[in-house]
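J.: Chain residues, written in single-letter form:
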Amino acid sequence: MLLGPALAVSAVLFALGVAGVLVRRNAIVIFMCVELMLNAVNLTFIALAQTLGVAGQIFVFFVMAVAAAEAAVGLAIILAMFRHGRTVNLQNITLLKG
Amino acid sequence: MPATLLLFWAFAGLAVVSAALCITRRNPIASALWLVVTMFQIAALFVLLDAQFIAVLQVLVYAGAIMVLFLFVIMLLNLGRGGASDMRGPAGLAVATLLAGALGVQLFIVARSTPPGPSLPVTSPLAAAEQVEGMVGVVANPLFTTYLVPFEITSILLLAAIVGAVVLAKRQL
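Quick note, the sequences are listed as chains G and F, same order. Here the first sequence stands for residues 1 to 98, numbered as in the working numbering. Here the second sequence stands for residues 99 to 271, numbered as in the working numbering.
With the rest of the complex left out, here is chain F:
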């Protein structure tokens, strides 16, 4: 277990550092690339938390598809030159730091407190299920039985997003 914990903190530290770099870089392209690094670290955390299939999806969908879309739009609008900083002034910076710090402390306290109700099981039932059903099967079986209706509704959502994106990006209707 100590090796797992060590790996966890290594990836978590890298994720936090690259997220901080992402929100402070002046150039939007540098920002997007640091966000890609953050997403890779979060995928590694998913693997350590017994979610290998979701980790692969994270790399394919977030780092592979969504961030490419972001980079594509940044380059299409020719924003990669840097130019003047778009950070707020000292007053805005102080207010933002204060608000985000307060939120972070609150979330930290909530995460550290013991939840109400029955205590969580100490062993991980997910790892045992993955041994029996396989990494993909453990997600796929409930997805196509218990959660079939939400899964089908997702296709309607994606269709609406396709139509919306085409309509919005069209020059004239």
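So here's chain G without its partners, still in its complex pose:
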């Protein structure tokens, strides 16, 4: 069975996504790293669905729907931010700083 290797790979992919979020400053790249983390979790669901029944695959279906909605709204927010400050670098977005 591929359950053990699949869980290990998904752990590595999730950690890489977290590293990307912590390392980068470009809002769009950070957003892409969040998608990478969602993909790693999907891999966990699929690996467990192979032995525990098809419910995991259906949950992945819903995760994909939420990810699509999140991408549409998130990119619209980034677009609005860029229009406001002409930058997507998170260091230059300091609206909440007193």
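Since the hints were derived computationally from the structure, they do not count as laboratory data. Bear in mind the structure is a predicted one, so any value in this text is a computation, not a measurement. One or more hints might be untrue.
[Said to hold, decoys possible] Residues on chain F that point at chain G, a partial pick, calculated with CB under 8 angstroms: (1) Val115; (2) Gln150; (3) Ala192; (4) Ala259; (5) Leu266.
[As the list claims (entries may be wrong)] Covered by chain F, according to a simulated footprint, are these stretches of chain G (three or more residues, beta-carbon under 8 angstroms): (6) 14–23; (7) 32–45; (8) 68–76; (9) 82–89; (10) 92–98.
[Claimed, not checked] Have a look at the derived ranges for each label pair, beta carbon to beta carbon: (11) Arg83/G x Ala128/F: 18 to 28 angstroms; (12) Thr243/F x Lys97/G: 46 to 56 angstroms; (13) Val41/G x Asn176/F: 26 to 36 angstroms; (14) Gly98/G x Thr243/F: 49 to 59 angstroms; (15) Gly98/G x Gln204/F: 13 to 23 angstroms; (16) Leu95/G x Thr243/F: 40 to 50 angstroms; (17) Ala189/F x Leu95/G: 18 to 28 angstroms; (18) Val230/F x Asn92/G: 22 to 32 angstroms; (19) Pro240/F x Val66/G: 17 to 27 angstroms; (20) Ala128/F x Val66/G: 23 to 33 angstroms; (21) Thr243/F x Asn89/G: 44 to 54 angstroms; (22) Phe62/G x Pro188/F: 19 to 29 angstroms; (23) Val154/F x Asn89/G: 42 to 52 angstroms.
Note that the Cβ used here is the ideal one computed from N, Cα and C, for glycine as well.
Place chain F on chain G using the hints.
T.: Only chain F this time, still in chain G's reference frame:
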């Protein structure tokens, strides 16, 4: 089984390498294209894990739709020139590596440990069900019976996302 395992590790290795390239490229477009490569490798892993329908969805929805949206926004904002690196400095890099490494080790240990409760079955019931119902039917039947209400609620979520995206991206209300 060894052939399956060999294919699995080949695709997994490619996925990890392209994910690492995705988070280190300076150009956002290169980053997005490496993420597309990662998603294709993950789709291949889905096929090896008896989830062919979800693998097709992964290619269509993630690699096809969501990443095109990302590339579209990157090109719309004219960020593909590269320019100065947006990576954090050495201190931030060290902290990020430390935190992500600690998380990765923890997840790895959890994934390697035996779960509590009854032990998992050794045979795969999913592959047998796919022989009877077909690859799509095995997902579609529970989706439209047991999970019908969540499926309908998803349509409300997508409607809210459409309205939200239009409102946010509009120049003036």
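J.: So which of those numbered hints doesn't the model satisfy?
T.: 1, 2, 3, 10, 15, 18, 22, 23
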